[in-house]
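Peer 1: Be aware that the sequence shown starts at 1, since it is given in the numbering used here, and climbs by one per residue.
Watch out, some of these pointers could steer you wrong.
Between beta-carbon pairs, the in silico distance windows are [to be verified]:
(1) 69 <-> 21: 33 to 43 Å
(2) 76 <-> 48: 49 to 59 Å
(3) 11 <-> 59: 42 to 52 Å
(4) 48 <-> 21: 17 to 27 Å
(5) 99 <-> 24: 53 to 63 Å
(6) 43 <-> 71: 43 to 53 Å
(7) 74 <-> 47: 46 to 56 Å
Calculated directly from the structure, the hints in this document are not laboratory data.
Cβ atoms here follow ideal geometry from the backbone N, Cα and C, with glycine treated the same way.
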Amino acid sequence: MKLMAERFGPFRRLLAAGAAGLVFLLGLAAASPDLHARVHGNVVDHDDAGCVIALFGHGVSLAAGTADLVVVPIEWQAPPAPAVAELLLTAPRYLRQPERGPPGA
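Given the sequences, and given the hints that come with them, work out the whole structure.
Peer 2: Encoded structure:
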């Protein structure tokens with residue numbers, strides 16, 4: 001059974017290439033007034049209010065308001081002291097851990 005990434009791989013690559021090409025074309029048309037005029041054709045009185053190229057060039061801002069960051073002051077508390085002053089490490093009683101013994105035949 002093929003994985004989802006293998007099944008949709010070529011489609012995803014084509015979609016990504018198309019999206020990258022669209023961003024490149026919009027950026028190029030936003031930077032070049034002549035290319036922007038060519039995209040619209042022979043329109044004499046063009047309004048940029050709903051133009052995708054103008055929106056891309058100016059940056060699209062959503063109508064949603066900004067989120068305010070609420071900072072709540074808290075008192076600083078020192079970290080608790082360790083339970084043991086020094087670690088007492090001992091050597092294990094066995095060479096290998098029990099679950100890692102020699103392989104069974």
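Peer 1: Now, for every hint given, state plainly whether the structure supports it.
Peer 2: Evaluation of the provided hints:
1. 69 <-> 21: 33 to 43 Å: holds (38 Å)
2. 76 <-> 48: 49 to 59 Å: holds (53 Å)
3. 11 <-> 59: 42 to 52 Å: 30 Å Cβ-Cβ, so the 42 to 52 Å window is violated.
4. 48 <-> 21: 17 to 27 Å: holds (23 Å)
5. 99 <-> 24: 53 to 63 Å: Roughly 56 Å apart at Cβ, these two residues keep to the hinted range, so it holds.
6. 43 <-> 71: 43 to 53 Å: Cβ of residue 43 to Cβ of residue 71: about 51 Å, so the range 43 to 53 Å holds.
7. 74 <-> 47: 46 to 56 Å: 52 Å Cβ-Cβ, so the 46 to 56 Å window holds.
Hint 3 from the earlier list is the only one contradicted by this structure; the remaining hints agree with it.
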